[in-house]
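Assemble the whole structure, with the sequences as input and the hints as a guide.
One letter stands for each residue in the lines below.
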Amino acid sequence: MIELLYDIPILGFLFQFVGYLIEVLPIIAPTIIGAATPIALGAMCGFMNERSGVVNIGIEGMMLTAAFVAWWVASLTAQVLPGDPIGPMGMSPALLVGLVAAIAAAMLVSLVHAWLSITVRADQIISGVIINIFAVGITGYLNLLISRSAPPSAGQFRAWDAPAFLADIPVVGWLFDALLSQGPIGLSLLVAVIVMQVLLFRSRWGLRTRAVGEHPEAAETVGIDVIALRYRNVILGGVFAGLAGAYLTIEFGNSFQGEMTNGRGFIALAALIFGRWTPLGSFGAALLFTASEGIQRAVRFGPPEGALGDFLSSVPSQFYSALPYLITIIILAGVVGRSIAPAADGRPYSREKREKRAKASA
Amino acid sequence: MTDASSSPRTSDATPERPPLLEMRGITKRYPGVVANDDISLDVRPGEIHALLGENGAGKSTLMNILYGLAVPDEGEILLNGTPIEIDGPNDAIRRGISMVHQHFMLVPVLTVAENILLGDEPMANPIFLDRGAAHARIRELSSFFGFEVDPDAKVESLSVGWQQRVEILKALYRQADILVLDEPTAVLTPQETREIFTVLRRLTSELGTSIIFISHKLYEVLDIADRITVIRRGRVVGQRVPAETDEDDLAELMVGREVQLTVDRGESHPADVALRVEGLHVRDDRGREVVHDVGFEVRAGEIVGIAGVAGNGQDELVEALLGLRPVAGGTVTLNGAHITGASPRELHRRGIGFVPADRHRYGLVLSFPLTDNLSLNDYYHAPFARGLVRNEAEIRSYAERLVGEYDVRTPSVTVDAQTLSGGNQQKLVVAREFDGDLTLLVLDQPTRGLDVGSIEFIHRQAIAKRDAGVAVLRVSAELDEVLELSDRIGVMYRGRLVQVLDARATDREEVGLLMATGGRDTEPPIEAPTAVS
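Listed in order, the protein sequences are those of chains A and B.
Residues in the first sequence are numbered from 0 upward in steps of one, following numbering that gives the first Met the number 0.
Residues in the second sequence are numbered from 0 upward in steps of one, following numbering that gives the first Met the number 0.
Keep in mind the hints are simulated off the structure, nothing from the lab.
There is no bait here: all hints are sound.
Which bits of chain A does chain B cover? Going by a derived footprint, with three or more residues having C-beta under 8 Å, they are: (1) 202-209; (2) 213-223.
Computed spacing ranges between beta-carbons, pair by pair: (3) Asp224(A) to Met122(B): 14 to 22 Å; (4) Phe175(A) to Phe143(B): 48 to 56 Å; (5) Gly82(A) to Ile126(B): 37 to 45 Å; (6) Leu325(A) to Asp357(B): 40 to 48 Å; (7) Leu141(A) to Val388(B): 45 to 53 Å; (8) Ile126(B) to Leu141(A): 35 to 43 Å.
From the three backbone atoms N, C-alpha and C, an ideal C-beta is built for every residue, glycine too.
This is how it looks when you write it as structure tokens:
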């Protein structure tokens, strides 16, 4: 039956491709999820910022800073403390200290962004650009200094062994397996996406955050402290950027290279927009953006048979590497106009404006 | 005029009851302006106390002080006889003071329920909201006032009148003892106003809520208030009970001198034809012809009014005359010279002044200082420019002269136009467009949204220009205004100028009928096409 569909000229090619995707999806799912995790975490950072009305294009820089700090601090700690795991998933003291340091570093950078955007009321785009440029410079320089002494790697977190009964569930078992067979940072993303999604629409914090991001003046008149809420959300957003950075150097890999975030912070912003400023939507968007990496892998190790396989194999691998960026551009071009940002996104809030308005009607 | 004297409410609020709220000797200074100067005000339980004053008289400042949004320089606030200090809106709400702002403080993308409970959320547990309880409470509150509002409706999908109700519910939800309404009817239709008034009366009679009602509309205040306090230039100038006052008395208090609610326009002495329009056709943005074969003339020294229900082609007619919209056919001449399709700058050079209907979009650059706004027409040539360079001194002294002549109340000529009140903004536009040698003056709804003092001022200026030999073309959707000021009245109906009447020989009924039907008595009145833009 399916063979018949495959035999249709040209269109059959497409059917074959879809069939191939369905076939290899369980195999490439871990790759896709692994690539999507730092992007989704970055988007969570953006979500915390933009829902409360602060634009953050400095996610890239925050991630890069955190990636460096996680690797460096873990490496330093490993030289002092014993390197043996003290918990599941290869949690050694060094890695845990590195993780905490990475989160702290990203929160510190977020604090700078919050201060510039909220208190100083600087242009938020410029604040983000400064963070990005500064992060590239400082991590590149320090990495140069440190790598001369060739510090030992502290290793990396290991994936959790998902319970076998979940993986054995027919039809969807592979999905549970792929989602759950991850290290602590990957797992924390899953928890965070679900928790933040629920909190945004069901909790007091979520309601107030949405109000402040849409109409801060209205929030102020019902007694909500707009400035404090923005500070809190931007700094907490730093936690996610910290996790995203640490993921790159102590969970997904175990080393640091200059500019290794490689635009993931910007793709995270795209995922945030495509996901309509919701955690679940951004996570989905991140998976979509990185699907091509999984496909590239599948094609390299097990191309489909026949003409389709020859074609896919003949595409240069650089094309697959460029695909996430291409997909991002294409999807955003089609979606950006229709996805509506929080109304007060990027607009500094000042109480003086209220006073000024009062004066106007005085 | 109003039924205030027959209302039972006047006897309800007995003067013996102690005031719920007292504001004593409130003074608030802003740089260059004393917004509130020793204002005292007391509000009794269950009364509707109107605060009446022109735009910029200091009403909103006083209420911002009461709501904790501004800090007074002097004076004290007493609640139930105890002096209190109000530290921000949160504190005000906690003390039972709620405010409905002139510009609604609602978040459009949130639901009715979310807007109402924002800031005072019922919690099912420390983290999650108790939506069930909130919805039940909102339904209970709204049904008490005889209207059903869907708690899950998005606020942006509601009409302005319903948004106003949500604002009131928001205040009631917080169990307000004192409800401040800042110009609540400014954006409402007469029907919606009546409905809101019913709600307010139920509030005071059944819940005993006190209401401070801020307005500059005399008839409304007479209709709804138990007592009226009038503020002028930051001072209390009088207090009245509706039964013992009338519109003339209140207007005089408000403006500080006797106001002619109808300006004596005197005889006109029309001279030669200044503006002649022949066979004019204009299309709207979608390419439909909305002005058909319109022809009329305006002589020097007369005021011609164009009356019509909104959306009958007046907007496009004005835009075509002013060079803001291409002319699809016909000719326009000014003193015999062809000006069909001339640019706005060319028209200004030929002595055409124009006060647009929307002063925010077309009349002013709100973020520019007064100086730049006043030199907007002539900034590019002497004396305001020397070659490519601005002559700041000349621009400034010119602005200072105009601000003085046209009584624009402002701390200085260098503040941004957006800091002025609506009436003063309009005076700014009038100052710029009326000054200098004019041939023709086009006024498109020049008094929309203004208080009586500003309206009178603008009417007087227009008549002075007429008497100085300027041709005045005045467009308005308000029948009374057209009748009041015009020497001749043209009525537009569905893009045609159906008739031109002598203003002294006609009356409201005749013009009103023409506006509604186009003069064809055989046809039933047809709804004017509303989709113009």
